[in-house]
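As you go down the protein sequences, you meet chains R and B in turn.
With our numbering applied, the first sequence covers 21 to 132.
With our numbering applied, the second sequence covers 29 to 141.
For the record, the hints were derived by calculation from the structure and aren't laboratory data.
Predicted model, so just to flag it, every value in this text is computed and none were measured.
Hints are not guaranteed to be accurate.
Derived DSSO-like pairs: lysine-lysine, alpha-carbon spacing no greater than 30 Å straight-line [stated by the list, open to error]:
1. B:85 to R:89
2. R:89 to B:37
3. B:37 to R:72
Taking CB as the label site, the calculated pair distances span [stated by the list, open to error]:
4. B:80 to R:78: 15 to 23 Å
5. B:44 to R:76: 20 to 28 Å
6. R:48 to B:56: 42 to 50 Å
7. R:29 to B:40: 17 to 25 Å
8. B:103 to R:86: 40 to 48 Å
9. R:76 to B:128: 14 to 22 Å
10. R:124 to B:88: 35 to 43 Å
11. B:72 to R:85: 26 to 34 Å
12. B:33 to R:132: 15 to 23 Å
13. R:112 to B:72: 13 to 21 Å
Under 8 Å between C-beta atoms, here's a sample of chain B residues computed to sit facing chain R [as the list claims (entries may be wrong)]:
14. 31
15. 42
16. 70
Backbone N, C-alpha and C define an ideal beta-carbon position, used for all residues, glycine too.
The lines below spell out each chain.
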Amino acid sequence: DAKTTQPPSMDCAEGRAANLPCNHSTISGNEYVYWYRQIHSQGPQYIIHGLKNNETNEMASLIITEDRKSSTLILPHATLRDTAVYYCIVRPRTNTGNQFYFGTGTSLTVIP
Amino acid sequence: DSGVTQTPKHLITATGQRVTLRCSPRSGDLSVYWYQQSLDQGLQFLIQYYNGEERAKGNILERFSAQQFPDLHSELNLSSLELGDSALYFCASSPTLLNTEAFFGQGTRLTVV
């Protein structure tokens, strides 16, 4: 599975957009980019995923570069409840076992 | 609420004992995953089942075993427990083996004393 690199920590002011980068330079053509977050030892929460097009849902937007070697998760208006560890995961598009491998993630702190 | 139910929420047991953790996946989901998260550690993939069959195995110790039953619920059995097995154990489920999101339960916190 392709390895991802994320900054260990970031701060964001409440109400501002939080932009969380992820590098996945070894991603292959059949691998999706997934984002999850974990709030203080709770179960990881699915945020969004994409293959090559930008995606948006009610929680966030995912911007994937044209070469697919990096992506950015955007939380448009960060709130204190968005303080969490955010995981960027690259996952093969196969049907032979498609488990998620979590790295160390980015600890996002939203500051009042 | 993800729809994935794990029981019990908390479990305290002694070294050398055996425990069983239970996971009920979301309605209709055929695939179940188990993860371990030790204190200050990342989420470690243990094992995946799909429709009753083992599909993938990660860093699961030989003292640990799992199964998925015909009603699709899953159990993770941990035996000969050691202090180092103290951790959060998460279960996740997804509908198929294809590329869909998986939803996680709230975990079982196991403390071995």
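Hints and how they fare:
Straight-line distance between C-alpha atoms of residue 85 of chain B and residue 89 of chain R comes to about 28 Å, which keeps the hinted pair within the 30 Å bound. Distance hint between residue 89 of chain R and residue 37 of chain B is unfulfilled; the C-alpha atoms sit about 39 Å from each other, more than 30 Å. Distance hint between residue 37 of chain B and residue 72 of chain R is unfulfilled; the C-alpha atoms sit about 38 Å from each other, more than 30 Å. Between residue 80 of chain B and residue 78 of chain R the beta carbon distance is about 34 Å. The supplied range of 15 to 23 Å is therefore violated.
As the Cβ distance of residue 44 of chain B to residue 76 of chain R is approximately 51 Å, the hint placing it in 20 to 28 Å is violated. At roughly 30 Å, the beta carbons of residue 48 of chain R and residue 56 of chain B sit outside the given window of 42 to 50 Å. Restraint check, residue 29 of chain R to residue 40 of chain B: a C-beta distance of roughly 32 Å breaks the suggested window 17 to 25 Å. Restraint check, residue 103 of chain B to residue 86 of chain R: a C-beta distance of roughly 45 Å satisfies the suggested window 40 to 48 Å.
The hint said 14 to 22 Å for the Cβ distance between residue 76 of chain R and residue 128 of chain B, and at roughly 18 Å that hint holds. A hinted range of 35 to 43 Å for the beta carbons of residue 124 of chain R and residue 88 of chain B is inconsistent with their spacing of about 21 Å. At roughly 29 Å, the beta-carbon separation of residue 72 of chain B and residue 85 of chain R lies within the given 26 to 34 Å, and the hint holds. Separated by about 34 Å at the C-beta atoms, residue 33 of chain B and residue 132 of chain R break the suggested range of 15 to 23 Å.
In this structure the hint that residue 112 of chain R and residue 72 of chain B lie 13 to 21 Å apart at CB holds, the actual value being about 18 Å. The restraint placing residue 31 of chain B at the interface with chain R is violated, with a minimum CB-CB distance near 11 Å, outside the 8 Å limit. For residue 42 of chain B, the suggested interface contact is broken, since its CB lies about 23 Å from the closest CB of chain R, more than 8 Å. The beta carbon of residue 70 of chain B is positioned within 8 Å of a beta carbon in chain R (closest approach about 5 Å), and the interface hint is therefore held.
The structure fails hints 2, 3, 4, 5, 6, 7, 10, 12, 14, 15 (numbered hints given earlier, in ascending order).
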